[in-house]
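Colleague: Chain by chain, the residues:
There are 2 protein chains.
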Amino acid sequence: MYPKELNYRMPAEWDKHERTYISWPVQASMVFPDNYESVSRGYAEIISAIAEFEPVTVIVNPEELETVRQMKLGDNVTLLPVRHNDAWLRDNGPTFVVGEGGELAGVNWKFNAWGGKYAPWDLDDNVAPQILEQAGIGQFDAPLVMEGGSIHTDGEGTLITTEECLLHTNRNPELSREEIEEYVRKYTGAESIIWLKRGLSGDETDGHVDNIACFAAPGKVIIQVCGDPQDENYEITRENLRILENTVDAKGRKLEIVQIQQPPRVDYDGSRLTLSYLNFYFVNGGIILPVFGGTAAETDKLAEQTLAGLFPDRRIRTVNGNGVIAEGGNVHCTTQQMPARRA
Amino acid sequence: MYPKELNYRMPAEWDKHERTYISWPVQASMVFPDNYESVSRGYAEIISAIAEFEPVTVIVNPEELETVRQMKLGDNVTLLPVRHNDAWLRDNGPTFVVGEGGELAGVNWKFNAWGGKYAPWDLDDNVAPQILEQAGIGQFDAPLVMEGGSIHTDGEGTLITTEECLLHTNRNPELSREEIEEYVRKYTGAESIIWLKRGLSGDETDGHVDNIACFAAPGKVIIQVCGDPQDENYEITRENLRILENTVDAKGRKLEIVQIQQPPRVDYDGSRLTLSYLNFYFVNGGIILPVFGGTAAETDKLAEQTLAGLFPDRRIRTVNGNGVIAEGGNVHCTTQQMPARRA
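Chains as they are written, first to last, in the numbering used here: chain Z, 623 to 965; chain R, 623 to 965.
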């Protein structure tokens, strides 16, 4: 059985959460292990920011449990010992789906560390089942390599993703586009999928959508744009914009498109950081928005103002986006929301 | 010689800064030494938030220099080895004053750890001179025990303070109110002083003004208010409000008053925390605002909206105000701004 035939669907991220799950970083798997302390601090800042709004459960390797406990992350934060190789629970955590009666289930996708880039990943592929088991929530095993960061949903039947990631030969080389799309529909309950082309220049996830576009509401999409024709993201964005302008969602609606200017380019250790305001994360009553400071002061403010205008009922909680970005992701990548259970 | 006769004046906090100074916390002097790691993380969050907007110099005990360096607080953060007993540079740092030609000088007040509450304080009393010497800035020694957190200025000749603190017998018992006022005028360059009565209930600084009221602009004051008549802060606030409503500033202006609702009461280890949104701090192009989350979600949002409305050109950067508050203060208490030098 798969979720769709049982009338389960993946809710929008802005629906009420029961809690947020997040994995504690693991020094051994880090791209820059010398940054472990500052990266841990970045995680702690994200966790305490989310905990201002809703409970947080942190996945911690058992041998680090005492160390993280000593950090006193606060009353709203629970530690859950689960062995894992790396952080980024967005990508290896379960995708929660909600049944007609409000009951929860979890989709356990196959995980191969972004196309086999960072071995080992055996523990990470087994994190979602342990979260679901601990929470007493039923599990659907999807026969598809997929990361949570590669899809966004409007909660009303439309998904948005990128060809660069979902059709990449390092994920599901044996499956056709049609087969992949069918699996995604079956396991998220979606009706239709909007296929963007490429993700941000240099994004080592192979173009996760959660750095380039997301829904603000059904029928409304936010996209990060680039005003400099010399920048690779310029063509990437224009191509995606054209797709969004010429598509309709599962309900037949044309999309309203909101643009957010990208932050200025920053390189670290010879590579471009994949800076994105769209890696923000919805929490109950708020939004956790990574900002970058310095040369990004102007775009930081514009991004925050745009979100404040779009979401007048939410408090926009900025966090320092430089804390964890050199490891390849940001706020949205670190989190996985568990929807609130309805009676 | 004293600053006023040389036409130096203390500028408003919102004037452009060259940098922010902040002291790294010292475990031995902490009220709750077991919280050292989480308090350090709170400081690191404040420092990195400020560094999004302007350079930060962190005062560090020499033996901790390497440890703090390992924390990699970022390119915009400089460490300065200076021996100190405790943190809270607002209170023992220099008060910078600006001359007619834009040149800087620093006022070195006497410091006795908030009326002798936390011995030893000999090193802390000697921090301001070392900061000034290192920066190559001239020093005025004020013969008055005073903390920076007990005064706010509008930059146009008006100071705001509290009787509870400045007239407390544990500070300058040998001086009359008139003598104290005269010293404050001489060393800040102010013309007139608005005397509020008491600070927040339970504030162990004996009522620092930087938890209850501040200027938003010349002629405009923000005050934190309390709507619950059962709460001790209710009467405290009403009394201060009446004073503000019936006073004029150095320019003869009646004051416009903006109210911000206080966060809900929180106790820690049997004592009430002195939670205040007015412990925010101006930085170049922004404001660093402590928020508290949980039961304070509503007031957090109101405080942020009020400041965003008052300061449309500044980005309101919230930080988790629970990080350091159990030690007795918050963002404003930890910081001391150095004004930008003009050519």
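Some clues are possibly wrong.
Claimed, not checked - Derived lysine-lysine pairs resembling DSSO-like cross-links, with alpha carbons at most 27 Å apart:
hint, chain 1, residue 1, chain 2, residue 2
1, R, 732, Z, 923
2, Z, 808, Z, 819
3, Z, 923, R, 626
4, Z, 819, Z, 842
Hints are computed from structural coordinates only; laboratory data are not their basis.
Colleague: Please name the hints from earlier in the document that this structure breaks, with their numbers sorted from lowest to highest.
Modeller: 1 and 3
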